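Visitor: For what it's worth, our numbering labels the leading residue of the sequence shown as 49, then goes sequentially.
The hints are simulated quantities; they were obtained by calculation from the structure and are not laboratory data. Hints are not guaranteed to be accurate.
[To be verified] Calculated cross-link-like contacts (lysine to aspartate or glutamate; reagent style DMTMM-like; alpha-carbon spacing at most 25 angstroms): (1) Lys-308 to Asp-375; (2) Lys-137 to Glu-229; (3) Lys-299 to Glu-229; (4) Lys-137 to Asp-375; (5) Lys-301 to Asp-375; (6) Lys-301 to Glu-229.
Remember, it's a predicted structure, so these values are computed and weren't measured experimentally.
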Amino acid sequence: MKRLLTQLSGFLLIALLTAAVFDTTPAIGQDEAGPVDEYLELVESSGAEYAPAFDFFTVSMLWTVIAAALVFIMHLGFATLEAGLTQSKNTVNILFKNVWIISIGLITYALLGFNTHYPVDSWQIPGWLGINGPIGDLNADGGATWGYGGLSLAMTGYGDFIFQAMFAATAATIVSGAVAERIKLTSFMVYSTILVAFGYTIAGSWHWGGGWLSSLGGGDAAFYDFAGSTVVHGFGGAAALAAVLILGPRKGKYTSSGIKPIVGHSMPLATVGVFLLFFGWFGFNGGSVLSANPGPLGLVFTTTALAAAAGGISSILTSMIVLKKPDLSMA
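Just need the whole structure built from these sequences, with the hints factored in.
Guide: Next comes the structure, spelled out in structure tokens:
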């Protein structure tokens, strides 16, 4: 089995490298005039009419990439939380898995994930399956509309890509926590690669990519997912559940004398992870506004903070009632 997984990993790596080498899409060089230059020329030639729109576009684009960086920080939060709540002997394994997820997540999303997530008109099975190739030049469709692909008037193609790529890696990170201390490293590397390259992107295309879920119900009853409660977390949770059902409990959890608690080795490390995740959620949810519109952005920040606080209080009170004492790992 180990040899098979090693071979599969090798074949996948060769395929990814081959796709990267033979991609003939032209890249943008620093010396070439990009869309920003076109925007500036349009603003200068049109006077004050376009200036406010361009200012809004600039601020919104800046917020989008900052939000992407905040979502990236969440991976550090997941790593420290998982490491703190597991046994010290497995710390390196946990950290390695989280480094692998963000690395393979970004590469696979660039090579095939983004265009599979958003097939546009390139579906093999309309509304269900649209596997496509590398990202290419995402600024090509920007034009002078201060937007990309009709998503909004507040981001470029590359801004949208990096934000969505962080989401893709997050879906696999959810699985990492569930299978901690249950799975071999090589097996997880293969599973997470398939998950982020094909599983998440295909499932995500069903709604965010304009697939069958996007029109389910129609009108006010249509399926709605603002920041990935189903597309990201529902998918990640389902993948995690499937994995643990196959893997079973951690070794030593159930003994002849009953259930054996397996406590984490570092609550300080786990607590740091919680606060990093709390911090990153402002980018995860706030970035999903897809602009710097102050009204929706302020509402999302407030809702995110209050929801996290309410969840923490509920968990602490529940642990005090059920366990007869407060449990920090439940907060």
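Visitor: None of the hints should be skipped; say for each whether it holds.
Guide: Going through the hints against the structure:
1. Straight-line distance between C-alpha atoms of Lys-308 and Asp-375 comes to about 17 angstroms, which keeps the hinted pair within the 25 angstroms bound.
2. Between the alpha carbons of Lys-137 and Glu-229 the distance comes to roughly 10 angstroms, so the proposed pair stays at or under 25 angstroms and holds.
3. Annotation: proposed proximity of Lys-299 to Glu-229 holds, straight-line Cα distance about 8 angstroms (limit 25 angstroms).
4. Simply put, Lys-137 and Asp-375 have alpha-carbon atoms about 23 angstroms apart, close enough for the 25 angstroms limit, and the pair holds.
5. Between Lys-301 and Asp-375, the direct Cα distance comes to roughly 19 angstroms. Compliance with the 25 angstroms bound is thereby established for this hinted pair.
6. Between Lys-301 and Glu-229, the direct Cα distance comes to roughly 11 angstroms. Compliance with the 25 angstroms bound is thereby established for this hinted pair.
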